[in-house]
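A.B. asks: Each chain is listed here by its residues.
There are 2 protein chains.
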Amino acid sequence: MFSVFPIDGGIVAPQGFYCDGVSAGLKKDCGLDVAFIYADSLCEVEGVFTQNKFCAAPIVHFQSYPKDFKTNFVLINAKNANALTGNEGIENVKEVLGELQSRFNGIQNPIMSSTGVIGVQLPKEKIVASFSKFDLSQKNHKNASNAILTTDRFEKTIAFEVVLDDKASFKIGAMCKGAGMINPSLATMLCFITTDADVPKSDMKELLLKAADSTFNAISVDGDTSTNDSILLLSNGKSGAYEREAFLFALEKVMHKLAMDITRDGEGATKLVAFEVNGAKDDLEAQKCAKALSQSLLVKTALFGCDPNWGRIASTIGASGIFCDSKKLEIYFGDVCVYKKGVIYFDKENEQKAAEILKQDSFKITCELGVAEGSFTAYGCDLGYEYVKINADYRT
Amino acid sequence: MFSVFPIDGGIVAPQGFYCDGVSAGLKKDCGLDVAFIYADSLCEVEGVFTQNKFCAAPIVHFQSYPKDFKTNFVLINAKNANALTGNEGIENVKEVLGELQSRFNGIQNPIMSSTGVIGVQLPKEKIVASFSKFDLSQKNHKNASNAILTTDRFEKTIAFEVVLDDKASFKIGAMCKGAGMINPSLATMLCFITTDADVPKSDMKELLLKAADSTFNAISVDGDTSTNDSILLLSNGKSGAYEREAFLFALEKVMHKLAMDITRDGEGATKLVAFEVNGAKDDLEAQKCAKALSQSLLVKTALFGCDPNWGRIASTIGASGIFCDSKKLEIYFGDVCVYKKGVIYFDKENEQKAAEILKQDSFKITCELGVAEGSFTAYGCDLGYEYVKINADYRT
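Chains as they are written, first to last, in the UniProt record's numbering: chain A, 1 to 396; chain B, 1 to 396.
This is chain A alone, in the form it adopts within the complex (with noise of 0.2 Å):
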């Protein structure tokens, strides 16, 4: 048994790591674009990336790295991807993190992770210039996670104390960024974790993988995937306490609640919806008709319109190339059941009931196939006059 406690202090939560925003004059306002993650003492590290094949500068930099290596440091920039950017950009990933090296002692193997825009080479002279304002002691986390964010509305960070029944504990914080491009094969997005629990270096790299499939690779948010989807997990060791079930049962609670901030945080989105598939033939089938639901537009823009037209979610079940049978078919808006078995429940007072819950906040949708057994939530957002505007504007 353990005891899982929300705490302050979200990636700088863990003892022995530091961390701040500055401005470099990427953003617009003097807005802060430019964060790192510093620890007194270097940490075992272990990264999930993009499956894009033109993963980012950065990442293919962080792979030239040895197996196995460690790290003490880790620079963000946002407005700028350093994705396209060829052999050039690589470089210019080795040149800042070389002229920070030279400006603050004992940094070894940093790693870098950018997000922005695509085929744009880094400013880095601007990065390099904004140098001058780290300061390593600091422990200023929601600077940091101001400062990594693009056309994110809201800074989303976590932090869990895990008390072990030993009383040992450990600490766990992460923050991350997300909005655009979010799609299901590894959201769109940066996440950074931190822990001062002494995982084994074995067990990092599985339980990270284990807890990303059933949050952040269970959202969408428009079914793109990025260049540069990167999730960190930064382990110190230095709370000298571990417990497997106990970490992988933090570490999804952390995912998870950072996968839910960057789904309700869609550009433009003003609702968080789980879609929710049972009785398909196995999970993989559950899977798929599942984030078939949360990618379809004709499903999104109904949400967006509060028209709980479940027309549209069973024709995205027929088309998600699944077997199902609309004789077995059941479709429910929350509790309220509007389709089974081949019967429509679509009275004017259902309709109202139904169209009542799609105006909440957050709400989930169920989908009985009465096939078999598989089951699998993916989670998504609804999508409205606001993500065209975002999108269509992003550069420019």
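No wet-lab data here; the hints were simulated from the structure.
There could be a bad hint or two in this list.
The list treats identical chains as interchangeable, and a pair is accepted whether it falls inside one copy or across any two copies.
[To be verified] The list that follows gives simulated cross-link-like pairs (lysine to aspartate or glutamate, EDC-like), each with its CA atoms no further than 16 Å apart: (1) K257 x D8; (2) K126 x E99; (3) K340 x E88.
Values in this document were obtained by computation on a predicted structure and should not be read as measured data.
With chain A fixed as given, assemble chain B onto it according to the hints.
C.D. replies: Frame of chain A; chain B shown alone:
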């Protein structure tokens, strides 16, 4: 050799076909909403239908006829899809068509085709009542092509005369509706093609499928597949003329024109975009990539904003799951190269040139993958505020 001339008359340009559109009170404001196609002799018929597992009642009804059945009547209604309506939906088709046969002598094996809202039982009394307005001697293809529209902004109709070498000739005509729910594996639409060519029954399905590949199956508006997609080909052989190559050429021309019309008329679309992918590992990978581009929300919104955001194009290619290499890739807006084999050509001048291209009504985006010889062109449109408006409000 053969010659092909555009002619007037749409689906009633071929001899022996009649049609009209009437108002049954399904659309607001007494708009036309029920259409018929009548042939004065029995026709061979072939259909290509949606892959959606929950295909609509009229499609199930069509498939209940014996193989190689002949028909002389198609009844079409807008505003109600008669999909997800169970056995009652199928019984309603039979009842409506039975009423039709008892009112008009000589109608054999009538076909029904529906488009509109899913999951609501057919307003059969209204449809049956509208039969009193049917005059089977009418050749009013404007009324018919107007009656089948839902959110379309304009009628889609076309006809050609094909003159063969021996001066024999035949005609082919068509009408269709499209707009929302347009997706690549048979765009969500209804398309009706008539011909007096003496097509052997054995050629009909093969040529229909072949023509669909580069036309209706290459377009995308929103990536959703409807429950009602149908292409019907009716052939009465009255001209006595036929040549396989000439017929396929004309059929592809008819279907290409209508597919482009559907894409151009995508809900709220302001431009028609051809996504040409060359140099892929094979044609299938080129198709996968081209369709991913035509369906990417981030690409579609950038096009709406006339933003030559080539980074999103590249990112979508990288995420499409095909074999590609950023050092071999080239990207063009019209004839403006913005990225070539790792080098970015995106100074102010080129950016402005590219933005000018995007302001046109229709243009091409070319992606040279430089891997092998696979090619495919997909067609899509931009996505703007109107799409959201139409689809958030469709039912209400």
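A.B. asks: Please go over all the hints and tell whether each is borne out by the structure.
C.D. replies: Cross-check of the supplied hints:
1. K257 x D8: within (14 Å within a copy, 61 Å between copies)
2. K126 x E99: within (12 Å within a copy, 77 Å between copies)
3. K340 x E88: between (58 Å within a copy, 14 Å between copies)
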